[in-house]
Amino acid sequence: MRLNSVGQIALVAAAIAYLLGVYFASSPVWMGFTINALIVAVIALSWNITGGFGGLSSFGHAAMYGTGAYASAILQVKFGLNAWIGFGAGILAGAAMGAFIGALAFRYGLRGSYFALVTLAFAEVLRICASSFEFTGGGSGLQLTLAPGIGNLQINDRTVVYTALLIVVAAVMALTALIKFSRFGAYLIAVRENEDAARALGIDTYKIKVQAMAISGAFGGLAGVLYLQLWLFIDSTVVYGSAVSVEALIGPIIGGAGTVWGPLLGTLGLHLLGEGAKHLLPNAPGLNFVLYAIVLICALRFLPQGLVGLAGRVGPFKKKENDNA
Amino acid sequence: MLEVRNLSKSFGGLKAVTDANLDVPEGSIVGLLGPNGAGKTTCFTMIAGFTKADVGTVRFRGQDITGLPPHRICELGMIRTFQIVQPFAGLTVQENIAVGAYLHHHDRRDAMSVSREVGKRLGMGAMLDRPASSLTIAGRKRLELARALATGAKLLLLDEVMAGLIPSEITEIVGIIRQIRDEGHTFLMIEHVMQAVMSLAETAYVLNQGKMIAHGPPRELVKDPSVVEAYLGHGAAARLQEGSHA
Amino acid sequence: MSSLILPAVLSGLMMGAVYALVALGLTLIYGVLHIINFAHGSLLMLALYAVYFLHYHLGVDPYLAIPIVLPVFFALGYALQRGLIAPMSSGSEQNVLLITLAISMIVDNLALYFWTSNTRTADIAYAYDTVEILGAYLPLGRVIAFVAALAVAPLLWAFMAYTRTGSAIRAVAIEKRGAELVGIDVNHTYAICFGIGTACVALAACLLLPTFYVTPQVGYTFVLVAFTTVVLGGMGSLVGALIAGLLLGVIESLCGLFLGESLGQIGIFLAFILILLFKPSGLLGRAR
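Chains as they are written, first to last, in the numbering used here: chain A, 1 to 325; chain B, 1 to 246; chain C, 1 to 288.
It is possible that some hints are incorrect.
Said to hold, decoys possible - If you want the footprint, here are the derived chain A segments under chain C, 3+ residues with CB under 8 Å:
1) 19-28
2) 71-78
3) 107-114
4) 279-288
Think of the hints as simulated: they come from the structure by calculation, not from any bench. All figures in this text were calculated on a predicted structure; none of them were measured in a lab. Quick reminder that beta carbons are idealized off the backbone N, C-alpha and C, glycines included.
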């Protein structure tokens, strides 16, 4: 997580100041809103592993998010298992779903737009299945039994929830940094930049890509489980819907794909923007997505490396190694 | 070190390579010559495992490696480079070399120190921390070599490593290749720059329309009429045999 | 059960023709610009609303709306490609996909804001008159759509084969730089092509509305079906899109019959995944 310019330090400092400031905000609205943004940041960090480092841009990260959430909910509701078991199972289920989609898609050499479309199709198939079968609660979804307590992973105190989420996000970012500066991360970036050259250098690119999908899937499943434990309710549209997939990719692209801080910064920035718009135009559901879309178009054109890349150009340090944040 | 027997490949009806045989003894530099479209790169992709041969076998250090995927072949110690060099743009020069070094050094610190050492050996010490995308063509060619060396490979298949370089850069890279060879590496190189092949290779093979038409020391090959004809067309052959059609 | 199969197949064919028509526009754009237009379904939704409001406010029959809606959407498509997609994408395939995704987000959510999520249908009484075909009774509106869609494919093909613009489009599709060198305005040709693709969607809307409904989400349903059609037919193949559209209509109809209405689309998506995995070049496509 090396920051290499005055701009990047300022950007990260602003984000940390905001996240700490939420503790002292006069209105609880800030904390509630930031809690949602942090869960989205986890799915954004999940997308960032494959889409950012691996250049495997998925349009269907809801497949992993939803699978994590459903796996945990089914174990709790249908089998009466403890929420912590569901928590672990959800992460594993997300990883398995990621590996499964990756194994199929990469076995047949899908990349670029084809990979994007096939992930989208997987998420849609899962959404339709989840809304059609009684086992998954059908159209009415699954509701956890209300049983507050840390043993059931149901926490009423917003401040505790918020702190826990901050820790989770920090942990996922630390893992991201670990991956970025490891053999695996270097291999993943090599696959993104030039797959043939990577193969020539002894990299089993298929294995690397499937592993990346599994790690990404685990983070995605984690995000889904966090959502479930926060709201105690899921249905097919909420966790498998295309809005999840869109939020997963838009934050990292705007914040800086393939960086450690980008997904969090992008997600926070977008959600603040969307929240601001909500105050100006209260009765416009979906307006935040219109704004996100406009920002996305502008970012693609003017910020090819996202906010982190932009900040990197403000007062760069003379550096020994060219690491982005 | 490398034995290629009866290698053949066709794409649809087009026979790209037919019955190619080739030997690369350990410690040597062997050239693979031929006009454009002769099938040289196809040969390389088959030897290195990027495409499957229709028939034929490839043996490396006595082991049959036919049909193995590229990363397995690289682990065994044979690596190919690409004609169009594309460094991993998001990484520094040192990190680029480290991607190669990671093959046998799983720890980042080890891989980075190996890559620094390899980079210095190839005269890239001053550029290690620069983004790879900022390198000139000559720099990229060296990086390509460095990355390949860092994997610990013993046999390097170089695909037109001199293409696009100016004469002084060619002289430099010829020196580097000789130095690497003297350190115990073996080379098979596709090359268009004849002066480089002449000064480097002990043996060369000539491929034309997918067939090996000649092999031997480069200095003798350039006198071989079938080789001249392959490069310059029937007109040249006719001129060589002046009088027969008069 | 077997007595239900023939009607299901026929009604699937009717729907499939509309899928084909939507997909024709998408495949044309892919074949020439080599980009995947994610906003295609949203443009269909927009066209459906246009036809709906023309009927609702001005009493224009959906079929008579064709000469109004078609040119407008051609112009819209032209402007989108020339004014937004081309300048903002910097030529990257991934960026185009993301920009068209962004366009669909904007269009869908604005539609939701202005027109609410209510399902609207135009009351065109005669569209539900039944026609008997091979013992099955089919709504007249669907039969008209079927016939019209079948007629458009050869027209489009003839346009590409015999007109000056058509040959310019083909030239650009095959060799962009070469076309540029012989004096073809590539950006203009790209935009024309995007315009025609969008006009196909407008035509589909006119044919679809009498027997269908419109909501802000309707585009999303269609865009995935259209992708499937295009991939199955072979990216860029007009004839392939036609055949694939009809085939998918039947698949959906039969899946609906055997698995229940809500799972009808599963057949389509599974087909999509299987085709992408096993034969991404499609029925009539060249290798990627």
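Legend entry - Contradicted hints - numbers only: Structure breaks hints 1, 2.
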